[in-house]
Amino acid sequence: MPTPTRSFRFPWRSRADIARDVDAELGFHLDMRVRELIAQGHDAGAARRMAREEFGDLEGTRAYCRAADARSDRAVRAADRLTEWRQDARYAWRTMRRTPTFAAVSLLTLALAIGANTAIFSVVRAVLLRPLPYADPGRLVAAMESWPGNPGNSTPMSPPNYVDYRAQQRTLSDLGAYTTAIGPVVWRPDNADPTTLTGIAADGHLFHVLGVRPQLGRTFDTTGDTAGDSSSVVLSYRFWQRALGGDPRVVGRRLVLDGRSLDVIGVMPRTFVLDHDEDIWLPLDLRDDLARPAITRKQHWIDAIGRLRPGVTVEAARADLGVVAHRLATQYPDADGGRTAIVTPLHQLAAGDLRTPLVLLQAAAVMVLLIACANLMNLTLSRTIGRRQELALRAALGAGRGRLVRQLLTESVLMALAGGALGVALAMAGTRALLRVDPAALPPLFPVGVDAQVLAFSLAVSMAAGALFGVLPALHAVRTGVHDVLKEGGRGSSAPRSGATLRRALVATQVALAVMLLVGAGLLIRSFTELTRVRLGFDPDHVVTAQLRVTGPRYDSIPIINAFYDAVLGEVAHAPGVIAAGAATLLPMQGTISTSLRIEGQPADESHLPDMTYVAIRGRYFEAMRIPLIAGRRFDATDTPDGPKRVLVNETAARRFFRNGDAVGKRIRIGPNPNGEWMTVVGVVGDVRDAGLDLPPTPTLFVDHAQEAWQHTLSMVLRTSDSRAAIDALRRGVKAVDPATPLRSIQSMDAVVGSSLDARRFALGLAASFAGLALVLATLGIYGVLAYEVSTRTREFGVRLALGASPGSMLALVARRGLAWSLVGLAFGIGGAVTGARLLAGTLYGVGPLDPGTYTLVAAGSLAVVAAACIVPARRATRVDPLTSIRSE
Amino acid sequence: MARTPSELLQGTVDILILRALAWEPMHGYAISRWLDARSAGVLSVDGAALYQALHRLEERRLVSASWGTSENNRKAKYYTLTAAGRAGLRTESAVWKTYAEAVSKVLKPA
Chain C
0 MPTPTRSFRF PWRSRADIAR DVDAELGFHL DMRVRELIAQ GHDAGAARRM AREEFGDLEG
60 TRAYCRAADA RSDRAVRAAD RLTEWRQDAR YAWRTMRRTP TFAAVSLLTL ALAIGANTAI
120 FSVVRAVLLR PLPYADPGRL VAAMESWPGN PGNSTPMSPP NYVDYRAQQR TLSDLGAYTT
180 AIGPVVWRPD NADPTTLTGI AADGHLFHVL GVRPQLGRTF DTTGDTAGDS SSVVLSYRFW
240 QRALGGDPRV VGRRLVLDGR SLDVIGVMPR TFVLDHDEDI WLPLDLRDDL ARPAITRKQH
300 WIDAIGRLRP GVTVEAARAD LGVVAHRLAT QYPDADGGRT AIVTPLHQLA AGDLRTPLVL
360 LQAAAVMVLL IACANLMNLT LSRTIGRRQE LALRAALGAG RGRLVRQLLT ESVLMALAGG
420 ALGVALAMAG TRALLRVDPA ALPPLFPVGV DAQVLAFSLA VSMAAGALFG VLPALHAVRT
480 GVHDVLKEGG RGSSAPRSGA TLRRALVATQ VALAVMLLVG AGLLIRSFTE LTRVRLGFDP
540 DHVVTAQLRV TGPRYDSIPI INAFYDAVLG EVAHAPGVIA AGAATLLPMQ GTISTSLRIE
600 GQPADESHLP DMTYVAIRGR YFEAMRIPLI AGRRFDATDT PDGPKRVLVN ETAARRFFRN
660 GDAVGKRIRI GPNPNGEWMT VVGVVGDVRD AGLDLPPTPT LFVDHAQEAW QHTLSMVLRT
720 SDSRAAIDAL RRGVKAVDPA TPLRSIQSMD AVVGSSLDAR RFALGLAASF AGLALVLATL
780 GIYGVLAYEV STRTREFGVR LALGASPGSM LALVARRGLA WSLVGLAFGI GGAVTGARLL
840 AGTLYGVGPL DPGTYTLVAA GSLAVVAAAC IVPARRATRV DPLTSIRSE
Chain S
0 MARTPSELLQ GTVDILILRA LAWEPMHGYA ISRWLDARSA GVLSVDGAAL YQALHRLEER
60 RLVSASWGTS ENNRKAKYYT LTAAGRAGLR TESAVWKTYA EAVSKVLKPA
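Protein chains in written order, with numbering that gives the first Met the number 0: chain C, 0 to 888; chain S, 0 to 109.
Chain C with its partners taken away, still in its complex shape:
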């Protein structure tokens, strides 16, 4: 019996191949049987019939065998792929180890680029992509009202309007309300010092709208706005764990909060949060406000959230609430004239200011990655050209083109994956370090971190990057014919030409991207310096601040509150080092409260009363802040709590509301009541950047807190030569007057001002480092390309020098090439920046998106850097020794 040819293995077969093979095999069997039967004496026809009959189910067998073969072929193919991939991976690993510098540079580049993308994406995911911690959060909308006649500016609702909206709307399944403006809540535990808690007042409708089940107990009920829940409290998971030890029987316990004993009725789950890190939720009691709608309809402080009914769009809800707004405007022209309803998807609102910077930062990170890919593409291209001998040899030994491309791609993708892994580690470490240094850098409602989704993103980015920088060089490498390369012998004299255009196009692209990033970062830096140069209008140096709030049933009348604050300020004013001590209800940069204004002798348009920022002050506030007095006088001993009402205004208010800015001696009325008490303006003080560094001063009214002491929270302001001693004195003073009252938010005024710049500083730091990284990568790219060209053309340079070319002309020859392509890139980059900078327009301050200074500086700077990158390899070309270079080949 002959031995079959074992060495032959089935190549991968098509379906038709398989069918043919099976038919041939079965046919052979039948033929053999027929032949045997004929040999036994049967005639041909009968033999065929018998053979078929003996065989059994021929069709079924045929189908069975084909299916089985197809399956086993597939298995073989998969196994082959895996083996091949293992070979490629092992080969890639060996290649990488043979060229450690190349590997290190590539890994570092990839780690930085992918790390940047991962870090930004982890924030983007948390802020823009992750659902809010409520049931079906996509259906939640925030409902607000507009300023009168200004539908672009939103303000919270007023209590009576909120109740009317809730009753009259048709598109929401419910509308709920909360407010963060209740200030700190003082908790007096049975046997420990009082502590302050952050609390939010919310109604039962709100919990119903958000649809989150409490972990224990229940939330407030929705039976009415004056529900029986007024003496109850719901706890956050964090507070329950931290302060109450996670007591499982906490529901039914009583806590003394702000001097009142409240029943704990529930605990919310760990993830639930409304604003950020609040400890407790108190029932929002609107009874007093609803009893006086004439006044309270103008007081806008209710944050409302609604849930869209099934099938209702945001637009429909907007239209529906618009109808209610119109009705209210007609019904109450004084309070609601010109106002409309503003309905925004809740997530959009929560991400708020962060959306634009985050999108821009992610775009910048992607550009850095593209530059990195261009660099690596260049490196890989040079390297594969250097490896053409090896590749040609492999091809000659039977490796197909596809196989070679796969092998080269495996190398780049593996490199990218390794770089990506390093990048993720970098991103995790970086984010953690950032949050440790500056916990407030990111909004706390959004938990930022690297999780499965972020990892999947990084993996996809790494693979894509590997394929991107690997595919062109790989295709390029196998395109050149095997024979040409082998014939060349080791000389590679034609090598530098191949891929030259591609490499130079890559240089141009890199420069263009880097220039765009530099322009963006430059504009942001200019804005930032402009902002820090803004004249604040006060002097934050050597000023410390602390919040002080009187609570509890003791402080139920204005004289008692006045006595408390007068005593504390009196104690502190005489402490060593204290130069001036005062207090205000709101400090600059901490938000504003507005009131409407009527001026004696000026006709008032009742539906469009002007608004003023309202601040109540005590003691020597202006002296402590060094806010100058422009005209008239400050508050003094002649102003008594029960005497005639005196007020001060700032310059902006004086200019805007009084003829010739002449406000002193004029009388005004504030608040909604057209017949309220007249107040006399006794002085004008300097403007202060109160609403934010990048916003103009608002017209402001200062009242004497002693006359308006119903505001229980004051920020103490101390100008002092020794801030530590001043805070100690303040503590002692408070303790001496009422030991149960805590101090909180102790910080320097510099910090108060600085925190308004924090978000900008954070984004700016990132943008600037991305741009710097981009420039470094692009420079490396240009340097690499030129250095490579020089190294492969030493022979040519040798000849040129031998023929008498001057070193200067050689320098020009090489540098010109690099510079020419960089200039092309620069032109494209400036063009791109002009287009892209418009996206930044909303983020810029004091500088236009086309600021010529920034563009010139970036152009000049990048040209200088590029020129430096060109000169170094060019000088090497001039130092070529003609003799050695010609002999070397």
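These are calculated hints, taken from the structure and not from any lab test.
Mixed in with the good hints there might be a few duds.
[Claimed, not checked] Derived Cβ-Cβ restraints for the label pairs, each shown as a range:
#1 C:Leu396 - S:Arg37: 44 to 54 angstroms
#2 C:Arg73 - S:Trp66: 17 to 27 angstroms
#3 S:Ser38 - C:Ala43: 22 to 32 angstroms
#4 S:Arg85 - C:Gly399: 33 to 43 angstroms
#5 S:Trp66 - C:Ala428: 57 to 67 angstroms
#6 C:Arg386 - S:Arg73: 41 to 51 angstroms
#7 C:Ser790 - S:Trp66: 52 to 62 angstroms
#8 S:Arg37 - C:Gly399: 42 to 52 angstroms
#9 S:Arg85 - C:Glu35: 22 to 32 angstroms
#10 S:Ala82 - C:Leu128: 44 to 54 angstroms
#11 S:Arg85 - C:Arg431: 50 to 60 angstroms
#12 C:Leu396 - S:Lys74: 29 to 39 angstroms
#13 S:Ala82 - C:Gly137: 51 to 61 angstroms
Small disclaimer: the values here were computed from a predicted structure and weren't measured.
Heads up, the beta-carbon is just placed ideally off N, CA and C, and yes, glycines get one too.
Let chain C serve as the given structure and place chain S on it in line with the hints.
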């Protein structure tokens, strides 16, 4: 050893084929002739069952196949026992022997 009858029958054909190939590589027709001859016609397996079994065994990598030339100079598909097939034959034979002994013990007249 809990097997349904059809599995048992398939198993029977499988083990017979493996045993046949333990001798030398063969094509399907030769296997059927070998089985006829070895069992004096008692264990003749029809073509359908034989080829289904062969392809099944190939899928399970117990045998491998290659095209070769038959004794009368025709292209034929030859099957060879793989290492896994050889191991399979050993364990299955042991199982079968135990089974057959048990059955004959039960069937033996008391």
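Hints versus structure:
1. The given range of 44 to 54 angstroms is respected by Leu396 of chain C and Arg37 of chain S, whose C-beta atoms sit roughly 47 angstroms from each other.
2. At about 20 angstroms, the CB distance of Arg73 of chain C to Trp66 of chain S agrees with the hint of 17 to 27 angstroms.
3. At roughly 29 angstroms, the beta carbons of Ser38 of chain S and Ala43 of chain C sit within the given window of 22 to 32 angstroms.
4. Look at Arg85 of chain S against Gly399 of chain C: about 35 angstroms separates their beta carbons, and that is inside 33 to 43 angstroms.
5. Checked against the given bound of 57 to 67 angstroms, the beta carbons of Trp66 of chain S and Ala428 of chain C, roughly 60 angstroms apart, stay inside it.
6. A hinted range of 41 to 51 angstroms for the beta carbons of Arg386 of chain C and Arg73 of chain S is consistent with their spacing of about 49 angstroms.
7. For Ser790 of chain C paired with Trp66 of chain S, a C-beta distance near 54 angstroms keeps the hint of 52 to 62 angstroms intact.
8. Between Arg37 of chain S and Gly399 of chain C the beta carbon distance is about 46 angstroms. The supplied range of 42 to 52 angstroms therefore holds.
9. For the pair Arg85 of chain S and Glu35 of chain C, the supplied restraint of 22 to 32 angstroms holds, since their beta-carbon distance comes to about 30 angstroms.
10. Distance hint check for Ala82 of chain S and Leu128 of chain C: the Cβ-Cβ separation is about 53 angstroms, which falls inside the suggested range of 44 to 54 angstroms.
11. Remark: the range hint 50 to 60 angstroms for Arg85 of chain S to Arg431 of chain C is upheld by a beta-carbon distance near 58 angstroms.
12. In this structure the supplied range 29 to 39 angstroms holds for Leu396 of chain C paired with Lys74 of chain S, their Cβ-Cβ distance being about 30 angstroms.
13. Evaluation of the 51 to 61 angstroms hint for Ala82 of chain S and Gly137 of chain C yields a pass: the beta carbon distance comes to about 59 angstroms.
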